[in-house]
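Peer 1: Given next are the chains, with one letter for each unit.
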Amino acid sequence: MSIIVGYVPSNVGEAAVAAAIQEAKLRDEQLLIVNSSREGSLVDKNTASEEDLARVLDTAVKAGVSAQVIESTYRDDLTEEFLGLADKHEVSLIVIGLRQRSQVGKFIMGSQAQRILLQAEHPVLAVKAP
Amino acid sequence: MDAKHARHDSTEKSLTSELTPEPQEPEALTPEELAAQWEAEAAEPAGPIANLLSSLVVLGLSIAGMALSVGLGLGTPAAPAAGMWPFVISLIAAVMAVAQIIVGRAGGRDGEKFSALSWYAVIGFATLILMVVLMPIIGFEIPSLLLCFVWMRWLGGERWRSATIYSILIVAAFYAIFIAALGTTIPRLF
Amino acid sequence: MEFFGPVLDGFNVVLDPTNLLYCLLGVVVGMLIGVLPGLGPAATIAILLPMTYGVEPVTAIIMLAGIFYGAQYGGTITSVLLRLPGEASSVVTVFDGYVMAKQGRAGAALGIAAIGSFFGATISIIGLTFLAPLVASFALDFGPPEYTALAMLGILLVATISGGTKIKAIIAAAVGLFLATIGRDGFTGAERFTFGNLSLADGIDFVPIAMGLFGLGEILYNLEERHRAANAPVKVSKVWPQRKDIKEASGAIGRGSVLGFFLGILPGGGATIASLASYAMEKKTAKDPSRFGKGAIEGVAGPESANNAAATSSFIPLLTLGIPANATMAIIFGALLIQGITPGPQLINDNPQLFWGVVNSMYIGNILLLIMSIPLIGVFVKILRVRAAILAPITALITMLGAYTIRNSMFDVLLVVLFGAIGYLMKKFGFEPGPLVLAFVLGSLLESNLRRSLLVLEGDPTGFFTRPISATLLVLFIFVAVWPVIKSGIEKRKAGSLASTIASEKEKENA
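Chains as they are written, first to last, in our numbering: chain A, 1 to 130; chain B, 1001 to 1190; chain C, 2001 to 2511.
Hints listed in this document are in silico derivations from the structure and should not be mistaken for laboratory results. It is possible that some hints are incorrect.
What the hints assert, rightly or not - Derived lysine to any residue pairs resembling SDA-like cross-links, with alpha carbons at most 25 Å apart:
(1) C:Lys-2294 x B:Ile-1165
(2) A:Lys-45 x C:Val-2379
(3) C:Lys-2294 x A:Ala-54
(4) A:Lys-128 x A:Gln-30
(5) A:Lys-45 x B:Arg-1161
(6) C:Lys-2287 x C:Lys-2235
(7) C:Lys-2238 x C:Glu-2248
(8) C:Lys-2238 x C:Lys-2294
(9) C:Lys-2235 x C:Leu-2376
(10) A:Lys-128 x A:Gln-103
(11) A:Lys-88 x A:His-122
(12) C:Lys-2487 x B:Lys-1113
(13) C:Lys-2102 x A:Thr-59
(14) B:Lys-1113 x B:Gln-1037
(15) A:Lys-45 x B:Arg-1159
(16) A:Lys-88 x A:Gln-103
(17) A:Lys-45 x B:Thr-1164
(18) A:Lys-45 x C:Ile-2383
(19) C:Lys-2287 x B:Glu-1141
(20) A:Lys-45 x A:Glu-90
(21) C:Lys-2102 x A:Glu-14
(22) C:Lys-2102 x A:Arg-27
(23) C:Lys-2382 x B:Glu-1033
(24) C:Lys-2382 x A:Leu-78
(25) B:Lys-1113 x B:Ile-1165
(26) C:Lys-2102 x B:Ala-1106
(27) C:Lys-2102 x A:Gln-103
(28) C:Lys-2492 x C:Phe-2477
(29) C:Lys-2102 x B:Ala-1035
(30) C:Lys-2382 x C:Phe-2411
(31) C:Lys-2102 x B:Glu-1033
(32) C:Lys-2284 x B:Asp-1110
(33) C:Lys-2487 x B:Ile-1092
(34) C:Lys-2235 x C:Thr-2018
(35) C:Lys-2238 x C:Ser-2444
(36) C:Lys-2492 x C:Phe-2479
(37) C:Lys-2487 x B:Ala-1106
(38) C:Lys-2102 x B:Leu-1034
Produce the complete structure using the sequences and hints provided.
Peer 2: Spelled out as structure tokens, the structure:
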């Protein structure tokens, strides 16, 4: 059994990973760190650089957690991609970060976190940035 | 082509680490390795059938060209008529087409195979033709909106909301630039 | 001093505010499309052709030229930062440039590329300044047979040197030549292949063909591109190389510039070949060749100087002889025709303002490039975040609406769409659109010169060989035509002996 966490290189993402590491340690499970980037552009701010991923992995390992980084791409639906990975690896817990989003912002641009919360079949831990 | 049936082209790359992490070095691929990587990522060549088909089409067209040129009158080398030059060109094209059929029967490395994604190009073409047909009748705004929306939503994988908003913004911008700023006389509704 | 008169006049032309503005516009647009994947300089120049209708010829060409060499530099940015060559001529820069970026020296790589490009273009322009009048004066003695031979040679060179099968390129050229015959025949007044369609009576306009084949064709083709994963945003600190870097690279820049200048003049040669050749040369002349591929600054400086020098010198055949050296030049040739100017040896004398205006604009343009490349890199990296799905309809609409503004004719838009489909199919089946456009542009000139020659020579084709220049050109033509056949024949024989060597070695192993 493992725990999956969605990582982006931002405060929220770092907070999510930190929380995920704690959970993984508590439950003594493997940790899957997922960084998914959107196809279509050459540069994406949600794509983590190799240094970021190495650092995150390192943190996990130092905490005594066995971790794996998964980099993937999606075309239009992050939620579907992410939940698909969660199903595929049969996780026991999903960890995601929550951004501050206004009502209008959520309406216009949508909220992946909201959709994951509503559509996931596994328990979801939503973490806010400190 | 909506989200539910979109192909999951998710490629997973994993970096695994047991309890002892390995140092991650930036990959310094040699030019040969890079070239090989690009080669692997490139599309497949078109193949022998495509080669035969395209050569046959060229052959057919060039024979037609020759026939039509003869109809125009060839004249003599000293006094060439209207059809002499097109005839010569069509002849060259026909000869080359035959040569290509022979030379390229094994396939070769040029061209690209059609894939499922090629339908996107067909749809794109269809929207463009639609725009040509509709533009004189109802102006450019609505066909452009439709084109933008179709291209972004289905061919590009954008979400409904983003596609709609961007389409409206783009058409508005084009209106501002082409009509308001430049004053061109593109057929329009408003 | 009389020599420099027109040159200085040219600077007056360039420093005119409108021209300066269009130069800036061209360079920025060029860098932009060099950075963005999808459209290349040829496609962009084709799509922006409608813009050239409302302005002076000089202004138009200044802008289009700016796009061309601006794009060379833009392609470098993605090569260095993302290991993705934006242009074919930036492929070589990836090898050392990206490694330098990984080592934290992205700024140095980009900076030396800008400096090298500037230097390369400057050398090229100086060469052009001296060489062009020479070539033009030499070519003033050209008669119809010489032009015929030259045009044929030019088309053949572009067809053979462009990628893909030679045969298919020649077919494409033949199609281009044929398309040029549609319409009224200048000599006899007969209507050819119009099938009664009034819109075709005057022949197919060049602009819709170019916009369709290069612009829409490319756009349709990009629709089916499989996108790869995005990269993380890259931060570039100082975009300027250190003194030590400049010193190390100076030799490469010098060599690359000269090499690029000469390689760019050849029809079909151009920026890509120049960059490859420069890389090879640097590797050979380096004291420590093993550094290449691991962040050697010469590996960036040399090719970048070479490709900009070549891009600039590829204007020479166009402006002095009226023979475009590659597809992009063919489109610019068409742009000049639209303006009512026929490029040829008489251009320098009949229209020195245009000639020197364009040449000098390249100085200014490259200075602008150098100045702007430094602050704009951050902007360009941000622009890279825009998804292709959003760019595609924008470029398509620009093309469609722009096509309409040529003659306020829906028929033109239809032509653009149809040629877009043809361009797409050509790409899929392995036919190059470049030779087609080149041949189309030269088609009517080639035919009229050929018919005139035949009239003068009284129908005797061997007459071409009695005149020294046309004879040389035709001999070259035949040579270039049969060289691939000879080459493959030699290689087959070598491969034959190679195969037997390998076979005998394997036998020895197994024994």
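Peer 1: Given the hint that Lys-2102 (chain C) pairs with Arg-27 (chain A), test it: the Cα-Cα distance must not exceed 25 Å.
Peer 2: It is violated: about 38 Å lies between the C-alpha atoms, which goes past 25 Å.
Peer 1: For the pair supplied as a hint, Lys-45 (chain A) and Ile-2383 (chain C), is the alpha-carbon distance within the 25 Å limit?
Peer 2: holds (12 Å)
Peer 1: Would the pair Lys-45 (chain A) and Val-2379 (chain C) pass a check requiring their Cα atoms to be no farther apart than 25 Å?
Peer 2: This hinted pair holds, its Cα atoms lying about 14 Å apart.
Peer 1: Are the Cα atoms of Lys-2492 (chain C) and Phe-2479 (chain C) separated by 25 Å or less?
Peer 2: holds (19 Å)
Peer 1: Holds or violated: are the alpha carbons of Lys-2238 (chain C) and Glu-2248 (chain C) at most 25 Å from each other?
Peer 2: holds (18 Å)
Peer 1: When you check the alpha-carbon spacing of Lys-2235 (chain C) and Leu-2376 (chain C), does it fall within 25 Å?
Peer 2: Satisfied, since the Cα-Cα distance of roughly 13 Å is no more than 25 Å.
Peer 1: Please work out if Lys-2487 (chain C) and Ile-1092 (chain B) have their alpha carbons no farther apart than 25 Å.
Peer 2: The hint holds at about 22 Å.
Peer 1: Between Lys-45 (chain A) and Glu-90 (chain A), does the CA-CA distance stay at or below 25 Å?
Peer 2: Violated. Lys-45 (chain A) to Glu-90 (chain A) sits at ~28 Å, over the 25 Å cutoff.
Peer 1: Quickly compare the C-alpha distance for Lys-2102 (chain C) and Glu-14 (chain A) to 25 Å and report which way the hint goes.
Peer 2: holds (24 Å)
Peer 1: Sort out whether Thr-1164 (chain B) lies within 25 Å of Lys-45 (chain A), counting only the CA atoms.
Peer 2: Given pair Lys-45 (chain A), Thr-1164 (chain B) holds - Cα atoms ~23 Å apart, limit 25 Å.
Peer 1: Keeping to a limit of 25 Å between CA atoms, is the pair of Lys-45 (chain A) and Arg-1161 (chain B) held or broken?
Peer 2: holds (21 Å)
Peer 1: Is it true that the CA of Lys-2382 (chain C) sits at most 25 Å from the CA of Glu-1033 (chain B)?
Peer 2: violated (29 Å)
The structure shown violates the earlier hints numbered 1, 6, 12, 16, 19, 20, 22, 23, 25, 26, 27, 30, 32, 34, 35.
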